[in-house]
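These protein sequences, in sequence, are chains E and C.
Residue numbering for the first sequence follows our numbering, starting at 1 and increasing by one per position.
Residue numbering for the second sequence follows our numbering, starting at 1 and increasing by one per position.
Derived from the structure by calculation, the hints contain no laboratory data.
Keep in mind it's a predicted model, so treat the numbers as computed, not measured.
Careful: at least some of the hints might be erroneous.
[As the list claims (entries may be wrong)] Derived DSBU-like pairs (lysine-lysine); straight-line CA-CA distance at most 35 angstroms:
#, chain 1, residue 1, chain 2, residue 2
1, E, Lys176, C, Lys94
2, E, Lys10, E, Lys159
3, C, Lys63, E, Lys176
4, E, Lys119, C, Lys103
5, C, Lys75, E, Lys159
6, E, Lys119, C, Lys63
7, C, Lys94, E, Lys159
8, E, Lys176, E, Lys119
9, E, Lys119, C, Lys75
10, C, Lys22, E, Lys151
11, E, Lys176, C, Lys103
12, C, Lys22, E, Lys159
13, C, Lys103, E, Lys151
14, C, Lys63, C, Lys22
15, E, Lys240, E, Lys176
16, C, Lys103, C, Lys22
17, E, Lys240, E, Lys119
18, C, Lys94, E, Lys151
Given next are the chains, with one letter for each unit.
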Amino acid sequence: MTHAIAAAEKAARESYGRLLAWLAWQWRDVCAAEDALSEAFAAALSHWTRTGVPDSPEAWLLTVAKRNLLMRARRVRIEQDPKVLALVEEPLVDPVNARSIPDQRLRLLLVCAHPAIDKSMHSALMLQLVFGIDAARIANAFLISPSALGKRLGRAKAKIRDAAIAFEEPEGADLKARIDSVLEAIYGLYTVNGNSAFGPSRDDLASESIYLAQLLSESLAEDAEVHGLCALLLLCEARKRAQVNADGVFVPLYEQAPAQWNLDQIELAERALDRAVHLNSVGQFQLEAAIQSAHMQSIREGAPRWLEIVTLYEHLLQISATIGAQIGHAIAVAYATDNPNAGLALLDSIDQVRVASHQPWWASRAALLAQAGDVAQARIAYERASALSPEEATQRWLRQQARSL
Amino acid sequence: MQYVLIYSQPAEVYDMNSDPVKGPANLAAWQHYLDAMGAAGIMRGGNRLQALAGSSVRVVDGKRQVQDGPYAESKDLLGGYVIIEVSTLDEALKWAELSPSSKAGSTDVYPVMDMPKQ
Chain E
1 MTHAIAAAEK AARESYGRLL AWLAWQWRDV CAAEDALSEA FAAALSHWTR
51 TGVPDSPEAW LLTVAKRNLL MRARRVRIEQ DPKVLALVEE PLVDPVNARS
101 IPDQRLRLLL VCAHPAIDKS MHSALMLQLV FGIDAARIAN AFLISPSALG
151 KRLGRAKAKI RDAAIAFEEP EGADLKARID SVLEAIYGLY TVNGNSAFGP
201 SRDDLASESI YLAQLLSESL AEDAEVHGLC ALLLLCEARK RAQVNADGVF
251 VPLYEQAPAQ WNLDQIELAE RALDRAVHLN SVGQFQLEAA IQSAHMQSIR
301 EGAPRWLEIV TLYEHLLQIS ATIGAQIGHA IAVAYATDNP NAGLALLDSI
351 DQVRVASHQP WWASRAALLA QAGDVAQARI AYERASALSP EEATQRWLRQ
401 QARSL
Chain C
1 MQYVLIYSQP AEVYDMNSDP VKGPANLAAW QHYLDAMGAA GIMRGGNRLQ
51 ALAGSSVRVV DGKRQVQDGP YAESKDLLGG YVIIEVSTLD EALKWAELSP
101 SSKAGSTDVY PVMDMPKQ
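Model the full structure from these sequences, guided by the hints.
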């Protein structure tokens with residue numbers, strides 16, 4: 001019983017997006033593909049508990065989902081539709097090697113990034129439709145109500161079907177704009193669970209997002225930002241093991257032991273960053289990767305590079321003045337000038353409404369206040385940061401910092 | 001797959017069409033555009049409309065209200081529409097982009113709903 005549930009969950013986690021993309025691409029209807037696949041997962045739960053888990057759960061799910069699509073097609077009487085016939089004639093996937101299902105996720109991601117779909121929905125749509133992330137979790141990350149998000153996701157999916165948005169790769173300037181949307185969503189996939197440069201990385205979504213970024217970098221070798229994103233994700237991931245100590249307490253970057261970093265991932269990241277730099281086109285991900293790389297090199301060499309990091313942040317702020325970039329810039333300025341008050345002034349200049357419940361802002365502020373000698377205010381800021389932190393390891397570290405003042 | 005392209009432009013553009021100097025050039029651009037569509041074999045219907053002679057009807061509290069001009073609040077007036085048959089939204093959007101109304105005003109693209117034949 002539990003084995004069947006666990007197997008279905010594993011299949012859902014590992015192959016949901018690939019199965020959905022494949023069905024949607026064949027069927028040209030994301031709504032029908034989504035319904036058919038979720039019915040197949042429901043059927044798996046009741047079947048597998050009785051008959052045992054099949055050798056290839058993916059092939060089983062794909063077969064059942066296709067049957068669901070055919071039954072639906074018969075119900076709406078389009079028996080002679082060539083799409084239906086193509087599906088019937090297509091040979092069954094080799095049950096031993098279901099991994100041979102071609103990865104059509106990139107196509108589906110590009111469909112989600114079509115300019116005729118509300119731009120603010122691009123990332124959410126990709127996360128839910130292609131990566132199977134629960135709408136409630138996305139709503140939380142995007143700070144909107146789950147029911148509002150659900151409605152807008154439904155409208156976007158219906159538009160893909162009803163307006164017949166093509167599953168073909170776009171060309172030229174349109175392709176570039178859509179790739180940028182896709183890269184944002186892959187980065188969103190890495191961060192949706194709280195993975196970031198500022199905290200320990202969690203669960204297999206991280207490795208999935210790196211896999212997708214690498215897959216993209218092969219087919220879009222001339223796009224500097226694809227390599228920039230690869231580099232950024234790999235550098236964040238390389239530090240994973242060093243980010244929490246044996247007592248389950250978060251370890252900030254400058255206190256980490258570089259020996260615990262994953263050198264293979266760092267080397268891959270540096271190579272990706274090199275490729276990005278040689279393409280002579282600066283972008284957000286490339287700059288963020290360069291900043292992480294500079295941090296890590298200064299730690300390994302024991303020689304701070306704060307001036308270089310400040311310059312990189314200045315370029316980044318010109319392209320994209322996100323809250324995260326503004327906070328990073330403030331910290332870098334404080335260290336480069338050896339003046340915590342300069343950093344505090346920059347932190348205070350960020351839109352106060354937007355940072356009031358932003359954990360990294362409070363944690364950064366606390367650190368700079370402590371350096372400036374304002375113990376009372378620093379303690380308050382550490383406590384605020386701790387209360388806002390979803391991560392237990394980070395909470396523990398923040399409380400330790402407050403106590404040690 | 002059928003789409004309706006709806007052409008909207010500001011009133012000044014329609015006024016200009018009757019201008020002896022500027023009018024012909026503008027109308028020639030439309031003619032070229034419609035000819036290209038015809039040559040592509042995708043036209044399934046359409047009409048040019050008297051954009052400046054439209055009226056708008058609304059029933060408020062059970063009473064009919066008639067207004068001069070189709071949309072009092074919006075500045076673009078509906079000047080015509082065509083129905084085209086292409087296979088994807090991108091093709092429809094490309095035809096919309098080519099329309100003179102997309103420079104002077106805007107072109108809306110709607111997929112036609114498939115109705116089951118009774």
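The hints, checked one at a time:
At roughly 17 angstroms between alpha-carbon atoms, Lys176/E and Lys94/C fall within 35 angstroms of each other, so this suggested pair holds. This hinted pair checks out: Lys10/E and Lys159/E have alpha carbons roughly 31 angstroms apart, not beyond 35 angstroms. Distance check on the hinted pair: Lys63/C and Lys176/E sit about 53 angstroms apart at the alpha-carbon level, beyond 35 angstroms; violated. A threshold of 35 angstroms between alpha carbons decides the hint, and for Lys119/E with Lys103/C the separation of about 22 angstroms falls inside it, so the pair holds.
Taking the CA atoms of Lys75/C and Lys159/E, the gap is near 27 angstroms; set against the 35 angstroms cutoff, the hint holds. For the given pair, Lys119/E sits about 40 angstroms from Lys63/C by alpha-carbon distance, which is inconsistent with the 35 angstroms threshold. Of the pairs offered as hints, the one joining Lys94/C and Lys159/E holds, with about 18 angstroms between alpha carbons and a cut-off of 35 angstroms not exceeded. Straight-line distance between C-alpha atoms of Lys176/E and Lys119/E comes to about 15 angstroms, which keeps the hinted pair within the 35 angstroms bound.
Simply put, Lys119/E and Lys75/C have alpha-carbon atoms about 25 angstroms apart, close enough for the 35 angstroms limit, and the pair holds. About 47 angstroms separates the Cα atoms of Lys22/C and Lys151/E, which puts this hinted pair outside 35 angstroms; it is violated. Distance check on the hinted pair: Lys176/E and Lys103/C sit about 23 angstroms apart at the alpha-carbon level, within 35 angstroms; holds. Between Lys22/C and Lys159/E the CA atoms are separated by roughly 40 angstroms; this puts the pair beyond 35 angstroms, and the hint is violated.
Restraint check for Lys103/C and Lys151/E: the C-alpha separation of about 33 angstroms stays at or below 35 angstroms, so the hint holds. The hinted pair formed by Lys63/C and Lys22/C fails the criterion: a straight-line CA distance of about 43 angstroms is larger than 35 angstroms. Restraint check: the Cα-Cα separation between Lys240/E and Lys176/E comes to about 31 angstroms, which is no more than 35 angstroms; the hinted pair holds. For the hint pairing Lys103/C with Lys22/C, the CA-to-CA distance comes to about 16 angstroms; that is within 35 angstroms, so the pair holds.
As the CA atoms of Lys240/E and Lys119/E are separated by approximately 32 angstroms, the hinted pair is consistent with the 35 angstroms bound. With a CA separation close to 29 angstroms, the supplied pair Lys94/C and Lys151/E stays within the 35 angstroms bound.
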